[in-house]
Amino acid sequence: MNETVISTILILTGLGVLAAIILYLVSKRFYVKEDPRIAMVEEVLPATNCGGCGEPGCHAFAEKLVGATDLSELHCPVGGNEVMKQVADILGLKAVEKDPYIAVVRCSGSFEHRKKTSVYDGSASCTIAAELYSGDTGCAYGCLGLGECEDVCDFDAIHINPITGLPVVNEDKCTACNACITACPKDIIELWPVGRKSQRIYVACINEDKGGTARKSCAVACSGCSKCMEECGYDAISITNNLATIDFDKCKLCAKCVGVCDAQSIIADNIPVARLEKLEAKRQKEAQKKKMEAQKAKEEAKANKA
Amino acid sequence: MSQSGLLTVSPSPHVHTALTVKQIMWRVVIAMVPALLMSVYNFGVSALIITMMAILFCAITEYAIVKYLLHQEVTLFDGSAVITGMLLAFNVPTNLPIYILLIGAIVAVGIGKLSFGGLGNNPFNPALVGRVFLLISFPVEMTTWPVPGGLLSGIDAVTGATPLGLLKDGLRSGMAVPELMSDIPSHLSMFIGTQAGSLGEMSGLAMLIGLIFMLQQKVLTWHVPITVIVSVIFFSGLFWLVDPSQYADPLFHVLSGGVMLGAIFMATDYVTSPVSHRGMVIFGVGIGFFTVLIRLFGSYPEGISFAILIMNAFVPLINKYAKQHRYGTGTKATFESTPELVH
Amino acid sequence: MSINLVNALKTFHQGGIHPDDAKLSANAEIVPLPLPKIVTIPVSQHIGKPARILVERGDMVKVGQIIATHEGFVSANIHSSVCGKVGIIDEMMDSTGFKHTAITIRVKGDDWAEEVDLSEEINRTICASPEEIVEQIMGAGVVGMGGAAFPSHVKLSVPEGKTVDHLLINGVECEPFLTADHRLMLEKPEEILVGTQVLMKALGVSKAIICIEDNKHDAIELIKSLLKEYEGISVQGLQVKYPQGGEKQLIEAILDREVPSGGLPIDVGVIVHNVGTTYAVYQAVQKNKPLIERVVTVTGRSLETPSNFLVRIGTPVINLIAEAGGLPEQAGKVISGGPMMGKALADLNVPIAKATSGILIIDEEEAKRQEEYNCLHCGKCVEVCPIGLEPYYLMLLAKNHRAGQTSKEHILDCMECGSCSWVCPSNRPILDYIRLGKKEVKKIKTS
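Chains as they are written, first to last, in my numbering: chain A, 1 to 306; chain B, 1 to 343; chain C, 1 to 447.
Looking at chain A on its own, in the form it has when it is part of the complex (with noise of 0.2 Å):
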């Protein structure tokens, strides 16, 4: 009994010494020298795996990084700046502040704005309802609403509001990895600043069609009519194949265009509606003014003729 016993201790632990030793001779013989900085650098980036920086993963990134003399057209969306330093740090390199960015859906033809003109019945993938055909309303540009955008989102930032119909971005979850924006086959996602008090005001439709078939098809598409181009005293917003696009560095966030579009396409997100109320009140106030002073004009020139 004994003999088993210390036969069976004697035959385990030589096998396991043997292991061991091929083991660490194997990985001796197969060893790859890396720098040990890569290790170090993709400790400190998020691991998601992403691909927001254009990178594969997060470790052929921190292999980039290593590599890169200059950082300053590389950059994590997910980590941001504070990763970056942190990088820079380790690498002995210095940073370039980023702004961090935000998806932004650019477009608001809800089903309620626009109407359904056929039933598409094919597979849920808008890249295969997008080769099919223009969509299934009369926008040819507008959102298709079967949520490539959510099934590629790997941070759950991204979800199809089931009464709009439209695409929804959770502020805090959006990453900027660009991952939508690629998988979008209408290209309706765009990334913008995500602008001082999270506040951004953009133009929420990229119909190109003329105005009257742009308003047909959707009742909030921009008609290109250009008043809030007029109303920018910025010169922040211009009117390209019938549409009004504002150009995020120089718009000053004033949001006087908001209130003057008459599709109501352009979407203020996190304005205080105070303020938005306040400028409504006051185009309201001038609107009457103009009114009174036209009244009177036609009065005084009506006293004058008699």
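Calculated directly from the structure, the hints in this document are not laboratory data.
Take the hints with a grain of salt, since some may be wrong.
What the hints assert, rightly or not - Which residues of chain C face chain B? A few of them, derived with a C-beta cut under 7 Å, are:
1) Ile-266
2) Gly-269
3) Ile-321
4) Gly-325
5) Gly-326
6) Pro-425
What the hints assert, rightly or not - Derived DSSO-like pairs (lysine-lysine); straight-line CA-CA distance at most 27 Å:
7) C/Lys-49 with A/Lys-216
8) B/Lys-320 with C/Lys-399
9) A/Lys-210 with C/Lys-49
10) A/Lys-252 with A/Lys-298
11) A/Lys-115 with A/Lys-98
Claimed, not checked - Just a few of them, taken from the derived set where beta-carbon distance is under 8 Å, the chain C residues facing chain A:
12) Phe-73
13) Ala-346
14) Lys-368
15) Arg-369
16) Pro-429
17) Leu-436
18) Lys-442
19) Lys-443
Owing to the predicted nature of the structure, the values given are computational and were not obtained by experimental measurement.
For glycine and all other residues, C-beta sits at the position ideal for the given N, C-alpha and C.
Mind docking chains B and C on chain A? Use the hints.
Here is chains B and C on its own, set in the frame of chain A:
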């Protein structure tokens, strides 16, 4: 037009075959009915009870696991649980205690199918997983066969050995095949179905009727069943030609045990067989080879279940390498204009 | 029983399916459709560059007058199909499901351009030289009328170093429901035969085979009876099987040659033209008549009178449906083309194009896709794929955006015949995802 008055738009094709999963499943069930009737004729009502119980257990297991463990929608009525249940029942003796059958059903559906992600994702035939589990766990109960006694026989009928068992034991005790053949039912009676054995493997004739039905309904192609049967004949025939005193004749091998059942109903399972015709042939030959190998040299008298499970494991590999001819490659795709044709 | 080897029906060997052929309009004679009030003529009805517009709003045009000219070699001329006044020229929805530039013409009378020979008699003597034939065909804007709309003159210009020994005239019409080619062969057989000779002369080949599926037995017999006077042309009957009308399948069925992967029929010495195209070639070369009208089948199980119409290019689809008894109440889907490869329309005001072979109306209950189940690996899609691909696997890979792997699995060889989606017992949208995968692979290859 639809209620909304709008036209439907979807990518082509716009028409679809009438043969859908549900219909295929029920057609397979119909194809198994002759074998079941034969079994009822031989073993009496107990065959029917065992089959019903197996179906019930499989359905309950599937329902319970899908609903309470996986929290998914229950897809019970695609018929796959019914087929698994029937096949499991076909693979056990009619005098099997019910609690063992229940364990078999739980293993077949729970481990064999659902643990891999449900219908379509299981690498091994669920019914065979259940059967082999029972065979190893309950060797005595699983190999105590009732002797066919006709419709009126009760559950406590006399038990006996299968032809394959008789042969194996006989050979072990040093007897030669021709001597043993006198104890073994004739080929014809095995074909029609009066041998002892599992519930469904009784009658080659009933199984053939099922096969012809499935071929006619385009549920199956001939590739798997025919290659299994032919290769069993081929490999057992080789040994028989070498030494007829030690090895039984090929026809005996095909008609005895579960070769017909395996070739027609178990190996042909869509999920666990290769996709291309070439692959199916390789798969069938493999099953035939391993069946004969286990029967002649293994410790079990029967080998088809193990052979199918072994070949199931090879299916991904077969799918990877046994691809069909691709149009536009190979000799027909090279054209050299002959001078007399050129103007 | 003796087997007549000469008349034995041929077919292709790999894959294929047998959908219900439902040729409801096979006995309906071709009827000219009344002229519409307005036509919309897209300038891009063919593969290649859109044609350059030659007219302006307000111009008066005659039937057969050129209104847009080909831009480069792989492009086609566009002619006015009616007589009238040019209206707005703008982006307009067409049968592709997208907006493209189109010319609208308000119809006034029916004056034809002078050079067109409108007589009914058959002109059997071919005076034009091969070069002139190609020029005539190019001038008349003839494109492949089977569905692909590839400019025909391109196919007739054999590149240097290639030889052609067979011309195949494709009268297979394997798409269920469609009968346009069938009727054309029954009603204009001699014109097709002369057209075939024109094509033979242009290509310099001595052998032409008219290929017809056996569900059009009357057409086979009729053309056979006329062959005596046409040297070098023969007729070959084929078993009914989809997608036999595909060029590659047809070549394999008739000549037992396979077009190399990624190659063209010319690589195996064959040129294939559709019977509709052959008829248009006859009109262009022998009658100086450009491609301004075509035969369109209007069909569907619930349609009152499934018909074959001779339609001017640019006529709104709704006009054809109205003439065939109007859109039935239970209609759920309207398809431009056949049920296997046709395109579902979202708007019935889109115009008939050069390659529109049929308008098919599908009832509502049939129009919707059925519930999708797991893949069972039954291998039916592998069995029916005429190219020998593994559709179920390609779908799986494409769904996961594995472009590298799908490319290795030869996804680009797929001809989108739809047999895999048709046969799948689990109702999986296999072809949807294969198209997606093809798009991704092409994107990578071009970048």
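Hints and how they fare:
Using the Cβ-Cβ criterion of 7 Å, the hint placing C/Ile-266 at the interface with chain B is not satisfied: the shortest such distance is roughly 10 Å. Residue-level restraint check for C/Gly-269 holds (minimum Cβ-Cβ distance to chain B is 5 Å; threshold 7 Å). The beta carbon of C/Ile-321 comes no nearer than 12 Å to any beta carbon in chain B, farther than 7 Å, and the hint placing it at the interface is violated. Interface restraint check: C/Gly-325 against chain B, minimum CB-CB distance 15 Å, threshold 7 Å, status violated.
Interface hint status for C/Gly-326: violated, as the beta-carbon distance to the closest one in chain B is roughly 12 Å, over 7 Å. Below 7 Å, beta-carbon pairs count as interface contacts, and C/Pro-425 has one with chain B at about 5 Å; its hint therefore holds. Pair hint C/Lys-49 plus A/Lys-216 does not hold up; C-alpha atoms about 31 Å apart against a cutoff of 27 Å. Restraint check for B/Lys-320 and C/Lys-399: the C-alpha separation of about 19 Å stays at or below 27 Å, so the hint holds.
Proximity of A/Lys-210 to C/Lys-49 is assessed by CA-CA distance (about 25 Å); at most 27 Å being required, the pair is judged to hold. Distance hint between A/Lys-252 and A/Lys-298 is unfulfilled; the C-alpha atoms sit about 38 Å from each other, more than 27 Å. With a C-alpha separation of about 41 Å, the suggested pairing of A/Lys-115 with A/Lys-98 is violated against the 27 Å cut-off. Checking C/Phe-73 against chain A: minimum C-beta separation of about 27 Å lies over 8 Å; hint violated.
Interface restraint check for C/Ala-346: the shortest CB-CB distance to chain A comes to about 4 Å, inside 8 Å, so the restraint holds. For C/Lys-368, the interface hint holds, the least distance from its beta-carbon to any beta-carbon of chain A being 6 Å, beneath 8 Å. With a cut of 8 Å, the hint placing C/Arg-369 at the interface with chain A holds, because the nearest CB-to-CB distance is about 6 Å. Given hint, C/Pro-429 at the interface with chain A, holds; its Cβ is 5 Å from that chain's nearest Cβ, closer than 8 Å.
Restraint check, C/Leu-436 versus chain A: the minimum CB separation of about 5 Å is within 8 Å; hint holds. At its closest, the beta carbon of C/Lys-442 sits 11 Å from a beta carbon of chain A; the interface hint therefore is violated under the 8 Å criterion. Checking C/Lys-443 against chain A by beta carbon gives a least distance of about 11 Å; that is not within 8 Å, so the hint is violated.
Hint compliance for this structure: hints 1, 3, 4, 5, 7, 10, 11, 12, 18 and 19 are broken, all remaining hints hold.
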